[in-house]
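Novice: Listed here are the chains, written in short residue letters.
There are 2 protein chains.
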Amino acid sequence: MKKVAIGVDIGGGSFKLGLVDLNGRVLARESFLTNSVSGRKAQLDVLAAHVAHFIKEARKKALRVRGVGIGAPGPIDVERGFVYFFPNIPGWKDTPLKDLLEKRLKRPVSVDNDANVMALAEFEFGAGRGTKNVIALTLGTGVGGGLVMDGRLFHGPRYSAAEIGHLVINEDGPMCACGSRGCVETYVGSGYFVREVKRRLKRGAKSILKKWTKENGKEITPLLVARAARRGDAFSKEIWRETGGHLGTALAGLANILNPEKIILGGGIAQNGSLLFKPLIAALGKKAFPIAARSVRVVPAALGVDAGLIGAAALVFAEHGDF
Amino acid sequence: MKKVAIGVDIGGGSFKLGLVDLNGRVLARESFLTNSVSGRKAQLDVLAAHVAHFIKEARKKALRVRGVGIGAPGPIDVERGFVYFFPNIPGWKDTPLKDLLEKRLKRPVSVDNDANVMALAEFEFGAGRGTKNVIALTLGTGVGGGLVMDGRLFHGPRYSAAEIGHLVINEDGPMCACGSRGCVETYVGSGYFVREVKRRLKRGAKSILKKWTKENGKEITPLLVARAARRGDAFSKEIWRETGGHLGTALAGLANILNPEKIILGGGIAQNGSLLFKPLIAALGKKAFPIAARSVRVVPAALGVDAGLIGAAALVFAEHGDF
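So the sequence lines, in the order shown, correspond to chains A and B.
Under our numbering, the letters of the first sequence match residues 1 to 323, in that order.
Under our numbering, the letters of the second sequence match residues 1 to 323, in that order.
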């Protein structure tokens, strides 16, 4: 019987579910909007109903469901499958998610945070295939991270490892929401990125962005700044040069400490190709030790929006030793 | 039969050898000055003779020698036991140390760099006992590092992991010998530390150090600055506050990424107690994530100068699964 797992990607916007096979293929999908169902209890009910439906469908197709994996948007006690809280979904404080679902579903449930799940997905099925040591970063509003070391997700004893966004690259840098200064997130997190662009424009920088935002009513976003840079806007090109440089500094530190084979970049900011990657790779080459720099490749994530549910399913396969 | 291993600590000053048991006790010692024997070939001859003598002694005492472990002062290919070079001992470029010694001694030989060996020693027998995840730093002229993760030394695929001294904490910081800027080594390496103290004194800072160096002919060293700080010298106290703060920033980044249980500090700079540890722990508490900060303890190394040969012996025990 062909082995499959049910992957669940919990997000502030929606819960996504997929029936995923050992090759990382999504055989079936379902989803529901997080806000369409109010409160944790109802969300768990709907989630369980979707999972039950998948299990029934799998049985019809003679697929063997190994378990349910969940990628969750907040800090998790991975061993107990316990949710501390979700910053963007109210009502989930201190939820024994694994216990609750295992009781209902009579299937093994694995839970990990979304950044680790993304790292595992890319490692098993995406840009990290064929390696043993991968660092994966998700560049969004914040910067999430996951570490695969010697072929396994590394959590640290209290499951709080891989907070790569909060590596300090400039002690005198901007204040970070975490209370520190100059964390890499304060340079490449999209919120900080946009704030810095606006600050410089207000202080008189010349850029086509002024015209686009004032006359055409557009919002400053990393994507808009990328578009301006590609049109030759010097200000926007400089912004990307700096952003790539800052990220390169952080990756050089990571390469010196962990000597990874691949560093995989996902999320919106990472989708700007050479605007980000060129200055980043230059900084990495200059700032990392030669052996570390030579042995690492920095690549964009390969799985896109499916990484969450594929990686969640991969948690199950990894736990059962199916790979 | 009681198991022992022969630990060898190769240094620019001397080669130290110890017969070490499974509890990390040094049962016998021998050593020779590196410069008293000229050239790699002769150094290997003398080393092999000492090892042969230990093996004979062990046989008399009915001890079972599991092998020879070597801590080496330079980059190593750990799997092949291959020395790339030793910055402070000429003539060792591209030496297949493991192969050469195994042929001569008919015993298994393990080789690793001195920072990893120190980390392993402290993990098995010293300040890291009873944990699974340890970061060890040696604060000398440079800053060396070793990582024990999930109970094992972590090398990275090209054996270049744990170069913790070259984590950048300030992109705009001082130039580092490695080609980057603001590596933690440029703040806490003793060479940089002394240079910065001299620079500030020359620029007019008031300090008792001026009197001590001019009238009493003393050299500026971290130890001297520590002595001045303990005597209440405000300048020297500030220097240590800053040094501890910089190291704390680096350790906060490491704690956020690796979530260690212990961070162990060895080397001269680490022997200045609360002068270093107090500002360091304050910075770590402020800059690391609460979970990471709460779950880590920063402690001084416990094994002192024996860490090298004890850790070298531990390489052998670890390889044979004796622990």
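Take the hints with a grain of salt, since some may be wrong.
Incomplete in silico selection of chain B near chain A, CB under 10 Å [unchecked claim]: (1) 36; (2) 286; (3) 287.
When the alpha-carbon atoms are kept at most 35 Å apart in a straight line, the in silico DSBU-like pairs for lysine-lysine are as follows [as the list claims (entries may be wrong)]: (4) B:202 - A:278; (5) A:3 - B:132; (6) B:198 - A:286; (7) A:103 - A:202; (8) A:206 - A:218; (9) B:286 - A:202; (10) A:198 - B:202; (11) A:210 - A:286; (12) B:132 - A:93; (13) B:3 - B:93; (14) B:132 - B:218; (15) B:93 - A:286; (16) B:218 - B:237; (17) B:286 - A:286; (18) B:206 - B:218; (19) A:106 - B:132; (20) A:132 - B:3; (21) B:202 - B:278; (22) B:214 - B:198; (23) B:278 - A:286; (24) A:132 - B:103; (25) B:286 - B:206; (26) B:103 - B:61; (27) A:41 - A:56; (28) B:103 - A:286; (29) B:106 - A:132; (30) A:132 - B:211; (31) B:286 - A:132; (32) B:132 - A:103; (33) A:214 - A:202; (34) B:41 - B:132; (35) B:206 - B:93; (36) A:106 - A:41; (37) A:286 - B:2; (38) B:93 - A:132; (39) B:2 - B:61; (40) A:214 - A:286.
Worth flagging that the hints you see were computed from the coordinates, not collected in a lab.
Yeah, the Cβ is synthetic: ideal placement off N, Cα and C, and Gly gets one too.
Novice: Give a verdict on every hint.
Specialist: Hints, one by one, checked against the model:
At its closest, the beta carbon of residue 36 of chain B sits 32 Å from a beta carbon of chain A; the interface hint therefore is violated under the 10 Å criterion. For the restraint placing residue 286 of chain B at the interface with chain A, the shortest Cβ-Cβ distance is roughly 6 Å, inside the 10 Å limit, so the hint holds. For residue 287 of chain B, the shortest C-beta to C-beta distance to chain A is roughly 4 Å, which falls under 10 Å, so the interface hint holds. Using a Cα cut-off of 35 Å, the hinted pair residue 202 of chain B and residue 278 of chain A is violated, with the two alpha carbons roughly 42 Å apart.
Only pairs whose Cα atoms come within 35 Å are accepted, and residue 3 of chain A paired with residue 132 of chain B is accepted, the gap being roughly 34 Å. For the given pair, residue 198 of chain B sits about 29 Å from residue 286 of chain A by alpha-carbon distance, which is consistent with the 35 Å threshold. Under the criterion of a C-alpha separation no larger than 35 Å, the hint pairing residue 103 of chain A with residue 202 of chain A is inconsistent with the structure, at around 56 Å. Distance check on the hinted pair: residue 206 of chain A and residue 218 of chain A sit about 17 Å apart at the alpha-carbon level, within 35 Å; holds.
Between residue 286 of chain B and residue 202 of chain A the alpha-carbon distance is near 32 Å, which keeps this suggested pair within the 35 Å criterion. Taken as a hint, the residue 198 of chain A and residue 202 of chain B pair is broken in the structure, with Cα atoms around 42 Å apart against an allowance of 35 Å. A C-alpha spacing of about 34 Å is found between residue 210 of chain A and residue 286 of chain A, which places the hinted pair at or below 35 Å, so the restraint holds. Among the hinted pairs, residue 132 of chain B with residue 93 of chain A is consistent with the structure: their alpha-carbon atoms are about 29 Å apart, no more than 35 Å.
Note on residue 3 of chain B and residue 93 of chain B: the hinted pairing holds, with a Cα-Cα distance of about 33 Å set against a maximum of 35 Å. Among the hinted pairs, residue 132 of chain B with residue 218 of chain B is inconsistent with the structure: their alpha-carbon atoms are about 43 Å apart, more than 35 Å. With a C-alpha separation of about 24 Å, the suggested pair residue 93 of chain B and residue 286 of chain A falls inside the 35 Å cut-off, and the hint holds. For the hint linking residue 218 of chain B to residue 237 of chain B, the alpha-carbon distance of about 19 Å falls within 35 Å, and the restraint holds.
Of the pairs offered as hints, the one joining residue 286 of chain B and residue 286 of chain A holds, with about 30 Å between alpha carbons and a cut-off of 35 Å not exceeded. Distance check on the hinted pair: residue 206 of chain B and residue 218 of chain B sit about 17 Å apart at the alpha-carbon level, within 35 Å; holds. At roughly 33 Å between alpha-carbon atoms, residue 106 of chain A and residue 132 of chain B fall within 35 Å of each other, so this suggested pair holds. Taking the CA atoms of residue 132 of chain A and residue 3 of chain B, the gap is near 34 Å; set against the 35 Å cutoff, the hint holds.
Distance restraint check for residue 202 of chain B and residue 278 of chain B: the Cα-Cα separation of roughly 28 Å lies within the 35 Å cut-off, and the hinted pair is therefore satisfied. A hinted pair counts as satisfied when its Cα atoms are at most 35 Å apart, and residue 214 of chain B with residue 198 of chain B qualifies at roughly 12 Å. Of the pairs offered as hints, the one joining residue 278 of chain B and residue 286 of chain A holds, with about 34 Å between alpha carbons and a cut-off of 35 Å not exceeded. Proximity of residue 132 of chain A to residue 103 of chain B is assessed by CA-CA distance (about 32 Å); at most 35 Å being required, the pair is judged to hold.
For the suggested pair residue 286 of chain B and residue 206 of chain B, the alpha carbons sit about 30 Å apart, so the restraint of at most 35 Å is met. As the CA atoms of residue 103 of chain B and residue 61 of chain B are separated by approximately 25 Å, the hinted pair is consistent with the 35 Å bound. The straight-line distance between the Cα atoms of residue 41 of chain A and residue 56 of chain A is roughly 23 Å, inside the 35 Å bound, and the hint therefore holds. In summary, the hint linking residue 103 of chain B to residue 286 of chain A is not supported, as the alpha carbons are separated by about 40 Å, beyond the 35 Å threshold.
For the given pair, residue 106 of chain B sits about 33 Å from residue 132 of chain A by alpha-carbon distance, which is consistent with the 35 Å threshold. For the suggested pair residue 132 of chain A and residue 211 of chain B, the alpha carbons sit about 57 Å apart, so the restraint of at most 35 Å is broken. With a CA separation close to 34 Å, the supplied pair residue 286 of chain B and residue 132 of chain A stays within the 35 Å bound. Between residue 132 of chain B and residue 103 of chain A the alpha-carbon distance is near 32 Å, which keeps this suggested pair within the 35 Å criterion.
Pair hint residue 214 of chain A plus residue 202 of chain A holds up; C-alpha atoms about 12 Å apart against a cutoff of 35 Å. Taking the CA atoms of residue 41 of chain B and residue 132 of chain B, the gap is near 39 Å; set against the 35 Å cutoff, the hint is violated. Of the supplied pair hints, the one linking residue 206 of chain B and residue 93 of chain B is violated, its CA atoms being roughly 46 Å apart against a limit of 35 Å. Annotation: proposed proximity of residue 106 of chain A to residue 41 of chain A holds, straight-line Cα distance about 18 Å (limit 35 Å).
Annotation: proposed proximity of residue 286 of chain A to residue 2 of chain B is violated, straight-line Cα distance about 50 Å (limit 35 Å). With a C-alpha separation of about 29 Å, the suggested pairing of residue 93 of chain B with residue 132 of chain A holds against the 35 Å cut-off. Proposed proximity of residue 2 of chain B and residue 61 of chain B is supported: the alpha carbons are some 9 Å apart, at most 35 Å. The hinted pair formed by residue 214 of chain A and residue 286 of chain A fails the criterion: a straight-line CA distance of about 39 Å is larger than 35 Å.
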